[in-house]
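Student: Residues per chain are reported as follows:
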Amino acid sequence: MTPVSTIEGKAYPFGLKNIDTDVIIPAHWLKTITRAGLGRGAFESIRKEPGNLFDNADYAGSPILIAGDNFGCGSSREHAAWALLDMGITAVIAPSYSDIFSGNAFKNGILTVVLPQEAIDRLMEVAQTDPIHIDLENQSVTTPFQDRFSFEIDPFRKQCLLGGLDEVGLTMAQGDVISAYEAKVGAERPWLVPTTT
Amino acid sequence: MNQPRTLYEKIWDAHVVDRREDGTCLIFIDRHLVHEVTSPQAFEGLRAAGRTVRRPDLTLAVPDHNLPTTARKDAAGKRIPIADIESAQQLAALEANAPAFGIKYIGATDREQGIVHVVGPEQGFSLPGTTIVCGDSHTACHGGIGALAFGIGTSEVEHVLATQTLLLSQSKTMEVRVEGDVGPGVTAKDIVLHICGVLGAAGGTGYVIEYTGSAIRALSVEGRLTVSNMAIEHGARAGLIAADDVTFDWIKGRQMAPKGADWDAAVAWWRSLATDPGAAYDKAVVIDAADIAPSVTWGTSPEDVVPITGVVPDPMSFADPAKQVAAQKSLDYMGLTPGMAMTDIPVENIFIGSCTNSRIEDLRAAAAVLKGRKKAANVKWAIIVPGSGLVKEQAEAEGLDRIFIEAGLEWREPGCSACLAMNPDKVPAGERCASTSNRNFVGRQGPGSRTHLVSPAMAAAAAVAGRLCDVRELAE
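Sequences listed follow chains A and B, in order.
Just so you know, we're using my numbering here: the first sequence kicks off at 75 and counts up by one.
Just so you know, we're using my numbering here: the second sequence kicks off at 24 and counts up by one.
Warning: the hint list may mix true and false statements.
[Stated by the list, open to error] So, partial list: chain A residues that the calculated Cβ filter (under 7 Å) puts toward chain B: (1) ASN92; (2) ALA101; (3) LEU104; (4) SER119; (5) ASP195; (6) GLN213.
[Stated by the list, open to error] List of simulated lysine-lysine pairs, DSSO-like, C-alpha gap at most 30 Å: (7) B:LYS346 <-> A:LYS122; (8) B:LYS275 <-> B:LYS306; (9) A:LYS84 <-> B:LYS33; (10) B:LYS96 <-> B:LYS306; (11) B:LYS33 <-> A:LYS258; (12) B:LYS352 <-> A:LYS122; (13) A:LYS122 <-> B:LYS403; (14) A:LYS232 <-> B:LYS195; (15) A:LYS232 <-> A:LYS84; (16) A:LYS258 <-> B:LYS127; (17) B:LYS282 <-> A:LYS258; (18) B:LYS33 <-> B:LYS195; (19) A:LYS232 <-> B:LYS306; (20) B:LYS282 <-> B:LYS127; (21) A:LYS258 <-> B:LYS195; (22) A:LYS84 <-> B:LYS346; (23) B:LYS275 <-> A:LYS258.
Please keep in mind that the hints were generated in silico from the structure rather than gathered at the bench.
Even for Gly, the Cβ is constructed at its ideal location relative to N, Cα and C.
Use the sequences and the hints to build the structure in full.
Tutor: Structural data, given as structure tokens:
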């Protein structure tokens, strides 16, 4: 996974709340068996509208998306995170996210910054004209106009993002601990293994 | 004395493999359900890293999302290939990956095939007190039998395949207590739609919700699965309904469930998981069952719920300015005007099915309304899609298929069907569908489709009336 430390650049001033993963990537794009190329389907229904934000040349290739409350709600499809990555987005800033989406984003090296609505409103304004700077190490979002917003992040996630660590590999290194659990529970609740014919 | 704990906390504690300093826990996963859409990239990841599946015995694969619901075999019993190339590729990937990694696979033409969330409980694979995951947000469904079940993304699917664990932070707990008796025509679906309206689409974010109260206890297992299925539609990580004798009677004897002395030991353990008296939830919401009407959605979020006797709301009636904007967008998309009676909205399409409402009880409820009636002339497309092959067999044994066909509806093969536009079952742009599924999102049932979420009885009533209809109008 690519390590994340600072992200700087233009941001899509999107701002809508309750953006579900069907909007981020409609279901017919899910018929893929690899991760690449989903950027073409990102925000497809919005892109059908003339003059939409995502086809505005001013924002092309922006690494940051500013969104409203409950971003990424709905389906668990990780394709939503892959689609954002494929269109070049490596950070989202919003007041809140669906639990599943923020997990998926994290596992793909997308930083999900949580900031209050007032900060979002200000960043939406700045993003119309100027770049935004996100510093993961210092947990801050800054603008060229001296705005500075601090954000919280789970320390484990921060460490993984900064180091570009592979979570599966990290857990597999704990194989003995998992085996010990399996042995203990296997003795206490042997019926947990399904009856198969 | 031990601190009183909730059902969620007991299941959580029983599955902690390792607790880290920051409070996150490595949680053991007892059951992993795999389908064709969210698994190919996970298997691809395992292969690339030379990894194997740690516990294939705790993993069950079944295709459901993009299978067509038309006949799967021709008259000679030969399998009919899927026309859509991408769908066929995804199915082929699962068919190859399951045996390659030693996973039990229920195939597209097997008798037990169905929607993963119908198949799991039906096979006795899903059990109370277990942790269950699947790369699908409606995994919350299995909470209806008292399992801690939640949807995961593909990276997590890969993580579970490789390690049988997930690294998780403990959620907050919320009790949603529904007390009292529901009125006529009010089903489990109406209860959960009402809850979506009360909590909002994000009201449960960060929580695991335990549904309690006499109205929940009075539900069958099928009804409980319906309620928990939509926990995700109010943002909850998972839903839970404590297992009781109703649950145990329903599970006993199912193919993969514990047998003999194992069964008795399992039931004893399951009983011990009920929330202790005095255990505290982080949040509690109480709903009076008498306030719940047969319900229907008007907008493009499951929180956009009104009683069928209600009207399309005025966007300006919402206090939140962001919701005012969202509501106006929804009405534009749905082609509705404020003040219109919900029962005046015509529907051209009917979909009865999905992991929310495709079990035998749902089909019986639809049949009770459709018996001796015909679908209205303006209803162009009306399909009933059983949740599994076993549900289909049961319905046919009860003669329900005859009732549906005589009423002018199509009786299909099991799958996710028109719940999401991934297979040939789609709602045309600009047309409405009275749907028993779980999401009324923009484009969910096909580009430009307009979804009104309802119960199976209400969908059947809409088929007969050719418009959204209060099922109580049709009661004798």
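Student: Take the hints in turn and mark each one as holding or not.
Tutor: Verification of the supplied hints:
1. Using the Cβ-Cβ criterion of 7 Å, the hint placing ASN92 (chain A) at the interface with chain B is satisfied: the shortest such distance is roughly 6 Å.
2. Evaluation of the ALA101 (chain A) hint against chain B yields a held restraint, the C-beta minimum of about 5 Å falling below 7 Å.
3. The beta carbon of LEU104 (chain A) comes within 5 Å of a beta carbon in chain B, closer than 7 Å, and the hint placing it at the interface holds.
4. Contact between SER119 (chain A) and chain B, as hinted, is supported at the beta carbon level, the nearest pair being about 5 Å apart and thus within 7 Å.
5. At its closest, the beta carbon of ASP195 (chain A) sits 11 Å from a beta carbon of chain B; the interface hint therefore is violated under the 7 Å criterion.
6. This hint is violated: GLN213 (chain A) has a C-beta 15 Å from the nearest C-beta of chain B, more than the 7 Å allowed.
7. For the hint pairing LYS346 (chain B) with LYS122 (chain A), the CA-to-CA distance comes to about 23 Å; that is within 30 Å, so the pair holds.
8. Proximity of LYS275 (chain B) to LYS306 (chain B) is assessed by CA-CA distance (about 34 Å); at most 30 Å being required, the pair is judged violated.
9. With a C-alpha separation of about 47 Å, the suggested pairing of LYS84 (chain A) with LYS33 (chain B) is violated against the 30 Å cut-off.
10. Between the alpha carbons of LYS96 (chain B) and LYS306 (chain B) the distance comes to roughly 51 Å, so the proposed pair goes past 30 Å and is violated.
11. A distance of roughly 17 Å separates the Cα atoms of LYS33 (chain B) and LYS258 (chain A); the hinted pair therefore holds under the 30 Å criterion.
12. Distance restraint check for LYS352 (chain B) and LYS122 (chain A): the Cα-Cα separation of roughly 15 Å lies within the 30 Å cut-off, and the hinted pair is therefore satisfied.
13. A hinted pair counts as satisfied when its Cα atoms are at most 30 Å apart, and LYS122 (chain A) with LYS403 (chain B) qualifies at roughly 27 Å.
14. Our distance criterion of 30 Å between C-alpha atoms is met by LYS232 (chain A) and LYS195 (chain B), whose separation comes to about 22 Å.
15. A distance of roughly 23 Å separates the Cα atoms of LYS232 (chain A) and LYS84 (chain A); the hinted pair therefore holds under the 30 Å criterion.
16. Pair hint LYS258 (chain A) plus LYS127 (chain B) holds up; C-alpha atoms about 25 Å apart against a cutoff of 30 Å.
17. Restraint check for LYS282 (chain B) and LYS258 (chain A): the C-alpha separation of about 21 Å stays at or below 30 Å, so the hint holds.
18. A C-alpha spacing of about 13 Å is found between LYS33 (chain B) and LYS195 (chain B), which places the hinted pair at or below 30 Å, so the restraint holds.
19. Under the criterion of a C-alpha separation no larger than 30 Å, the hint pairing LYS232 (chain A) with LYS306 (chain B) is consistent with the structure, at around 29 Å.
20. Of the pairs offered as hints, the one joining LYS282 (chain B) and LYS127 (chain B) holds, with about 20 Å between alpha carbons and a cut-off of 30 Å not exceeded.
21. Restraint check for LYS258 (chain A) and LYS195 (chain B): satisfied, since their Cα atoms lie roughly 28 Å apart, inside the 30 Å limit.
22. For the proposed pair LYS84 (chain A) and LYS346 (chain B), the alpha carbon gap of about 27 Å is at most 30 Å, so the pair holds.
23. Only pairs whose Cα atoms come within 30 Å are accepted, and LYS275 (chain B) paired with LYS258 (chain A) is accepted, the gap being roughly 25 Å.
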